[in-house]
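When you get a sec, could you build the whole thing from the sequences and use the hints?
Protein chains in written order, with the numbering used here: chain C, 1 to 250; chain X, 1 to 770; chain A, 1 to 150.
Please keep in mind that the hints were generated in silico from the structure rather than gathered at the bench. Here the structure is a predicted model, which means the values were calculated and not measured. Quick reminder that beta carbons are idealized off the backbone N, C-alpha and C, glycines included. Treat the hints with care, since some could be wrong.
[To be verified] With a Cα cut of at most 25 Å, we get these calculated SDA-like pairs of lysine to any residue:
id, chain 1, residue 1, chain 2, residue 2
1, A, Lys51, C, Ser48
2, A, Lys51, C, Asn54
3, A, Lys76, X, Ser694
4, X, Lys58, A, Pro15
5, A, Lys51, X, Lys57
6, X, Lys58, C, Ser48
7, C, Lys28, X, Ser694
8, X, Lys57, C, Arg46
[As the list claims (entries may be wrong)] Chain A is faced by these chain C residues, among others (derived, beta-carbon under 7 Å):
id, residue
9, Tyr8
10, Gln34
11, Pro38
12, Asn41
13, Ala45
14, Ser48
15, Asn107
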Amino acid sequence: MKPAPFAYHAPHTVEEAVGLLGSLEDAKVLAGGQSLVPLLNFRLARPSHLVDINGIAGLDRLYERDGGVAVQALVRQADALRSDLLRRRCPLVPEALHHVAHAVIRNRGTVVGSIVHADPAAELPAVLLALQGSVRVEGRRGAREIPAAQLFTGVLESSLDSDELAIEAWFPSFSGPHGLREESRRHGDYAMAGAVRAGDRLALFGVAPTPVVADPHDPTKDLRPSGDLEATPEFRKHLVEVMTRDLFAA
Amino acid sequence: MTTRWFGERVARREDDRLLRGHGRFTDDVGDGALEACFVRSPYAHARVISIDTTQAKKLPGVHAVYTARDLPFGDRDLPLLIPHPALTNGRTQRCLAGETVRYAGEAVAFVVADSRYLAEDAADLVDVEYEPLPVAWPLEQAAEDPANLAAELTQEAGDVAEALAAAPRRQKLRFRYERGAAAPMEARATWARWDPAEQRLTMYDSTQSPTSIRGGLAVLFGLPETSVEVIAPDVGGGFGPKIMLFYPDELLTPFAAMQLGRPVKWTEDRREHFTAVNQERAQAHEVEVAYDGEGRVTALDVDFIHDAGAYTPYGIILPIITAGQIPGPYRVPNYRVRFRDIYTNATPTSPYRGAGRPHACFVMERTLDAIAKDLGLTRDEVRRRNLIQPDQFPYEVGVGWQDGNRVIYDSGNFPGLLEKALQNLGPRPPGDHVGMGLGMYVEGTGVGPYEGAHVQVLVGGKVIASTALPTQGQAHATVFAQIVADQLGVEPGDVTVTTGDTRRFQWGVGTFASRAAVVAGNAMAVAAGLVAEKAKRIAAEHLEVDEADLELAEGAVRVKGAAHKQMPLAAVAVLSNPVRYAFGGGTEAATQFTPKARPGPPLPEGERPGLEATGYFSPIGSAWASGCHAAWVRVDPQTFRLQILRYVVVHDCGRVINPMVLEGQIQGGVAQGIGGAFYERLAYDAEAQLRNASFMEFLMPYATEVPDVLIDHQETPSPLNPLGVKGAGEAGVIPVGAVIASAVEEALGVPITEMPLSPLRLFELTREPA
Amino acid sequence: MIRVNGVERQLPGDPRTLLSDHLRHNLGLTGTHVGCEHGVCGCCTVLFDGKPVRSCLLFAVQAAGHEVTTIEGLAKPDAPLHPIQQAFHDAHALQCGFCTPGFVLAVKGLLDEHPDPTDEEIEEGISGNLCRCTGYANIRKAVRKAAAAR
Numbered sequence: 001m002k003p004a005p006f007a008y009h010a011p012h013t014v015e016e017a018v019g020l021l022g023s024l025e026d027a028k029v030l031a032g033g034q035s036l037v038p039l040l041n042f043r044l045a046r047p048s049h050l051v052d053i054n055g056i057a058g059l060d061r062l063y064e065r066d067g068g069v070a071v072q073a074l075v076r077q078a079d080a081l082r083s084d085l086l087r088r089r090c091p092l093v094p095e096a097l098h099h100v101a102h103a104v105i106r107n108r109g110t111v112v113g114s115i116v117h118a119d120p121a122a123e124l125p126a127v128l129l130a131l132q133g134s135v136r137v138e139g140r141r142g143a144r145e146i147p148a149a150q151l152f153t154g155v156l157e158s159s160l161d162s163d164e165l166a167i168e169a170w171f172p173s174f175s176g177p178h179g180l181r182e183e184s185r186r187h188g189d190y191a192m193a194g195a196v197r198a199g200d201r202l203a204l205f206g207v208a209p210t211p212v213v214a215d216p217h218d219p220t221k222d223l224r225p226s227g228d229l230e231a232t233p234e235f236r237k238h239l240v241e242v243m244t245r246d247l248f249a250a
Numbered sequence: 001m002t003t004r005w006f007g008e009r010v011a012r013r014e015d016d017r018l019l020r021g022h023g024r025f026t027d028d029v030g031d032g033a034l035e036a037c038f039v040r041s042p043y044a045h046a047r048v049i050s051i052d053t054t055q056a057k058k059l060p061g062v063h064a065v066y067t068a069r070d071l072p073f074g075d076r077d078l079p080l081l082i083p084h085p086a087l088t089n090g091r092t093q094r095c096l097a098g099e100t101v102r103y104a105g106e107a108v109a110f111v112v113a114d115s116r117y118l119a120e121d122a123a124d125l126v127d128v129e130y131e132p133l134p135v136a137w138p139l140e141q142a143a144e145d146p147a148n149l150a151a152e153l154t155q156e157a158g159d160v161a162e163a164l165a166a167a168p169r170r171q172k173l174r175f176r177y178e179r180g181a182a183a184p185m186e187a188r189a190t191w192a193r194w195d196p197a198e199q200r201l202t203m204y205d206s207t208q209s210p211t212s213i214r215g216g217l218a219v220l221f222g223l224p225e226t227s228v229e230v231i232a233p234d235v236g237g238g239f240g241p242k243i244m245l246f247y248p249d250e251l252l253t254p255f256a257a258m259q260l261g262r263p264v265k266w267t268e269d270r271r272e273h274f275t276a277v278n279q280e281r282a283q284a285h286e287v288e289v290a291y292d293g294e295g296r297v298t299a300l301d302v303d304f305i306h307d308a309g310a311y312t313p314y315g316i317i318l319p320i321i322t323a324g325q326i327p328g329p330y331r332v333p334n335y336r337v338r339f340r341d342i343y344t345n346a347t348p349t350s351p352y353r354g355a356g357r358p359h360a361c362f363v364m365e366r367t368l369d370a371i372a373k374d375l376g377l378t379r380d381e382v383r384r385r386n387l388i389q390p391d392q393f394p395y396e397v398g399v400g401w402q403d404g405n406r407v408i409y410d411s412g413n414f415p416g417l418l419e420k421a422l423q424n425l426g427p428r429p430p431g432d433h434v435g436m437g438l439g440m441y442v443e444g445t446g447v448g449p450y451e452g453a454h455v456q457v458l459v460g461g462k463v464i465a466s467t468a469l470p471t472q473g474q475a476h477a478t479v480f481a482q483i484v485a486d487q488l489g490v491e492p493g494d495v496t497v498t499t500g501d502t503r504r505f506q507w508g509v510g511t512f513a514s515r516a517a518v519v520a521g522n523a524m525a526v527a528a529g530l531v532a533e534k535a536k537r538i539a540a541e542h543l544e545v546d547e548a549d550l551e552l553a554e555g556a557v558r559v560k561g562a563a564h565k566q567m568p569l570a571a572v573a574v575l576s577n578p579v580r581y582a583f584g585g586g587t588e589a590a591t592q593f594t595p596k597a598r599p600g601p602p603l604p605e606g607e608r609p610g611l612e613a614t615g616y617f618s619p620i621g622s623a624w625a626s627g628c629h630a631a632w633v634r635v636d637p638q639t640f641r642l643q644i645l646r647y648v649v650v651h652d653c654g655r656v657i658n659p660m661v662l663e664g665q666i667q668g669g670v671a672q673g674i675g676g677a678f679y680e681r682l683a684y685d686a687e688a689q690l691r692n693a694s695f696m697e698f699l700m701p702y703a704t705e706v707p708d709v710l711i712d713h714q715e716t717p718s719p720l721n722p723l724g725v726k727g728a729g730e731a732g733v734i735p736v737g738a739v740i741a742s743a744v745e746e747a748l749g750v751p752i753t754e755m756p757l758s759p760l761r762l763f764e765l766t767r768e769p770a
Numbered sequence: 001m002i003r004v005n006g007v008e009r010q011l012p013g014d015p016r017t018l019l020s021d022h023l024r025h026n027l028g029l030t031g032t033h034v035g036c037e038h039g040v041c042g043c044c045t046v047l048f049d050g051k052p053v054r055s056c057l058l059f060a061v062q063a064a065g066h067e068v069t070t071i072e073g074l075a076k077p078d079a080p081l082h083p084i085q086q087a088f089h090d091a092h093a094l095q096c097g098f099c100t101p102g103f104v105l106a107v108k109g110l111l112d113e114h115p116d117p118t119d120e121e122i123e124e125g126i127s128g129n130l131c132r133c134t135g136y137a138n139i140r141k142a143v144r145k146a147a148a149a150r
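So this is what it looks like as structure tokens:
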């Protein structure tokens with residue numbers, strides 16, 4: 001399957017990228033490409049323009065700020081996995097990254113990309129939500145910080161405007177009890193259901209259109225997961241109960 | 001002849017070029033070919049009202065857009081490959097759909113362009129108007145309509161009705177096996193060139209039968225066979241669907257090449273592979289078994305329906321194989337089996353590794369487990385009491401076989417397999433929710449009609465060999481080299497084998513049904529044996545000894561016990577071809593003024609030049625392989641994840657040519673079996689549309705899902721061929737479904753009567769009221 | 001331009017040309033294989049600036065100014081096999097050979113990062129590539145052999 005035609009842009013600065021996103025009709029950002037390019041190959045997405053941000057210098061840093069760790073847009077998942085800083089300040093993030101796809105995918109996939117792609121079954125959006133992190137974006141009207149609770153609006157939908165570029169994700173430092181559990185069919189697959197614990201906060205993924213915060217004592221309350229080829233709503237709720245018990249057992 | 005190489009773990013001759021990336025798979029053949037793609041029906045059943053290709057044709061870079069009416073053979077049904085008297089309602093598809101499409105994925109139009117990218121752009125512009133029709137789906141529902149009956153066949157051995165009536169104990173059981181897919185890593189591909197100056201059609205095809213493709217193309221295009229050459233180059237896995245012919249592209253790429261005067265290629269992409277390439281495995285069985293208080297089966301009555309899909313190009317071979325293999329390695333004194341082959345509006349079915357045997361095995365093995373449960377016997381004990389014994393061969397089952405003959409087991413030691421498997425399995429691991437899986441099977445291998453081989457010693461001393469059947473990873477070039485090397489007293493490294501190229505060898509059938517080692521292997525032995533005899537004949541004259549005193553070893557023909565009296569094979573090759581003009585390479589020895597070895601014409605009466613021979617092997621019947629798989633499996637009672645703690649195989653394929661290659665085949669087969677048992681499921685919706693046509697959602701096992709299998713062998717040589725070999729290609733996959741089902745049933749305490757399973761399914765089964 | 005196996009090569013005109021197709025059809029390097037074009041099977045794995053990536057998920061134009069190594073670049077044409085390739089041969093870790101280039105390069109990535117991998121690291125490292133022929137057991141053996149050979 002080959003992609004439909006598109007115009008290709010490779011900006012060198014954030015300003016250029018934001019300018020392109022603001023002026024082009026029907027443009028998509030290309031970062032890691034591990035989620036986007038399959039959609040293009042299947043012709044399930046046919047953007048007229050691709051804005052490739054991989055050439056923007058200085059957008060691949062991982063650094064401390066504001067009591068947490070900022071992970072910029074071009075930090076590859078593999079590098080975040082290996083990051084000493086993250087391991088020390090926020091070990092939940094490297095732990096979650098072990099579950100994201102496979103090593104070769106992680107060599108290209110980005111942390112920020114995975115977050116703003118907003119796949120309901122992805123790990124990192126739920127981790128951001130559990131930790132109450134945020135994403136900094138820049139658009140025509142300037143920069144803003146979007147807290148995780150306002151970031152995910154639907155299946156594969158984030159609250160970024162079409163002219164906004166996600167610059168970095170910010171994870172607050174957290175060293176309390178934490179963990180991630182997921183039930184997937186094969187190692188590295190998207191989860192049928194997943195749960196993330198950060199202290200006494202619980203976030204679920206794969207069981208709603210977006211990651212959702214849940215009550216560790218009653219994790220399936222008000223939960224109405226969908227059914228698909230591998231899991232029914234009942235099975236998803238059952239898995240949520242099993243994983244929550246396991247996460248909060250200690 | 002030595003036996004130095006037979007049975008040895010000879011390293012593969014194929015590897016170097018494949019490891020360096022110098023393999024040549026069909027899509028690798030470029031040569032400036034135009035590229036094609038299909039427009040396929042999204043509907044499972046529809047009338048084709050109109051097809052408008054005008055916009056598509058206008059796109060720059062597009063060379064042609066064909067529909068059925070553009071083809072001289074457009075209104076012709078493709079061949080029905082294996083006719084059978086019971087197939088009274090056979091049906092095959094057209095190259096491109098005419099008025100009706102009968103499965104989602106059926107080919108409707110063929111676009112040829114400068115690149116696949118452009119071809120897909122043009123395909124988007126082909127405007128097809130469909131009128132959707134009611135869909136025959138799922139299988140059980142389709143079976144209710146008599147119009148969907150393709151074939152019906154009942155066979156009986158003994159008197160089942162009487163035995164059922166007299167039975168001390170009886171059980172009725174139902175089993176369901178769902179569709180699966182072979183999914184080789186290389187999808188299909190064809191590349192064709194028509195040379196008008198030489199009037200020759202050349203085709204590269206990722207096929208398991210170049211000779212059949214060649215024959216069909218010659219007929220279709222009205223060409224002499226000698227004008228058509230078909231080559232299966234490196235092929236990235238076959239597993240059955242590539243033995244199916246003709247896929248529409250196999251006719252359309254040569255047609256387009258002839259029309260457009262350029263080579264044309266088509267490479268399938270993964271998404272279309274899921275519906276365009278044949279599938280297999282869906283059957284629903286109703287079984288009644290009668291048995292005595294000791295658990296011995298007295299009668300088995302099976303009634304099953306087989307999902308043919310939309311067409312029956314492969315005839316009814318699959319249900320025939322199932323029917324023939326249900327009794328397996330067990331004595332079933334009274335056996336009746338009826339099957340109905342049912343049309344559904346889904347991709348046609350044809351063999352996928354195992355080809356009807358996994359279902360047969362599942363039915364028999366689960367039935368025996370049910371008997372064991374009823375009587376409180378262990379699962380191994382109930383099998384012991386029913387197994388055919390080693391002194392009961394040849395054993396006739398009483399029904400028909402896929403080669404047109406009867407099912408007759410030639411040899412085996414079934415109790416030996418069971419005992420060894422249990423021994424290798426070892427004790428139950430500690431922990432909860434652990435179950436034992438056990439499955440035994442037989443496999444009819446090495447079907448005919450025949451294969452051939454050509455073997456030649458070149459003047460330089462190197463040996464070349466060829467056979468018509470192709471290779472998809474089974475190490476034919478190594479295994480056949482071993483056979484030839486033994487006959488000629490050389491090393492496998494001195495023998496270069498070509499397979500699947502009609503330019504090199506044009507008579508043969510194909511690679512399927514675990515037959516290559518048996519049939520082509522024996523042909524290699526025949527041909528190489530003839531070469532060895534000729535070498536001795538020539539050497540005997542020149543060494544002035546008796547032929548009977550000669551042996552072939554270390555690259556020479558030499559006197560037994562007096563090795564210094566010898567002639568290198570290279571020299572024999574030179575002498576086999578008397579020449580007038582020496583052209584180097586030692587050929588001076590064969591010119592007219594050298595000493596004559598004997599009176600008479602330079603080329604003796606009845607002799608042919610060259611140290612070469614062609615030989616054939618045509619089996620009288622299948623050589624029956626067998627085996628036993630056993631496993632310890634744990635199922636997590638919360639998440640229903642499957643954990644295979646230990647998996648053992650004891651396998652009998654007669655004499656083993658290369659144990660390393662054999663073990664690779666079995667490990668690979670078990671992996672496919674595990675995939676088919678717990679991960680892979682073709683998820684069709686109510687409209688018979690496939691919902692998971694991608695590797696993201698059709699779940700093939702990665703390494704993390706497949707354990708190392710402990711493989712052990714038993715050898716009961718087949719009396720039906722000189723090498724004593726039996727086939728092995730499909731053995732790994734056949735009983736895996738039964739083994740997993742058996743283990744999961746014990747681990748979770750719920751009856752398992754279906755395949756495939758999944759965590760969701762186990763969750764649901766454990767919650768169903770008892 | 002992109003550097004492929006140490007040589008500067010042209011980029012394609014059409015930006016939507018996947019790196020896998022550019023390597024195979026424009027540059028004649030057919031050792032990289034295409035199994036799915038959705039990033040799951042790993043047959044198309046190449047090294048991108050030394051790290052294994054899926055070439056079916058990259059556009060060729062994205063490789064401008066970068067180093068791409070394909071399977072053909074691992075061992076020189078008349079030179080012995082790379083130790084990983086040799087290990088695959090010794091362990092009978094390939095049958096049809098279609099998935100093999102992708103596996104070899106993924107294993108290169110694995111061993112570059114974990115020269116002495118634990119069984120778990122091996123499993124993680126090879127679990128992103130599909131093989132339909134071997135059932136993986138010999139591939140595990142090959143990785144252990146290759147690690148031991150370093």
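Tested hints:
Restraint check: the Cα-Cα separation between lysine 51/A and serine 48/C comes to about 30 Å, which exceeds 25 Å; the hinted pair is violated. About 16 Å separates the Cα atoms of lysine 51/A and asparagine 54/C, which keeps this hinted pair within 25 Å; it holds. A distance of roughly 36 Å separates the Cα atoms of lysine 76/A and serine 694/X; the hinted pair therefore is violated under the 25 Å criterion. A threshold of 25 Å between alpha carbons decides the hint, and for lysine 58/X with proline 15/A the separation of about 22 Å falls inside it, so the pair holds.
Of the pairs offered as hints, the one joining lysine 51/A and lysine 57/X is violated, with about 42 Å between alpha carbons and a cut-off of 25 Å exceeded. Proposed proximity of lysine 58/X and serine 48/C is supported: the alpha carbons are some 21 Å apart, at most 25 Å. Restraint check for lysine 28/C and serine 694/X: the C-alpha separation of about 23 Å stays at or below 25 Å, so the hint holds. In summary, the hint linking lysine 57/X to arginine 46/C is supported, as the alpha carbons are separated by about 22 Å, within the 25 Å threshold.
Using the Cβ-Cβ criterion of 7 Å, the hint placing tyrosine 8/C at the interface with chain A is satisfied: the shortest such distance is roughly 4 Å. A distance limit of 7 Å between C-beta atoms decides the matter here; for glutamine 34/C the minimum to chain A is near 6 Å, and the interface restraint holds. This hint holds: proline 38/C has a C-beta 4 Å from the nearest C-beta of chain A, less than the 7 Å allowed. Below 7 Å, beta-carbon pairs count as interface contacts, and asparagine 41/C has one with chain A at about 5 Å; its hint therefore holds.
A least Cβ separation of about 12 Å between alanine 45/C and chain A goes past the 7 Å threshold, and the interface hint is therefore violated. With its C-beta approaching chain A no nearer than about 12 Å, serine 48/C sits outside the 7 Å limit, and its interface hint is violated. Taking 7 Å as the C-beta cut-off, the interface hint given for asparagine 107/C holds, the closest approach to chain A being about 5 Å.
When held up to the earlier numbered hints, the structure conflicts with 1, 3, 5, 13, 14 and fits the remainder.
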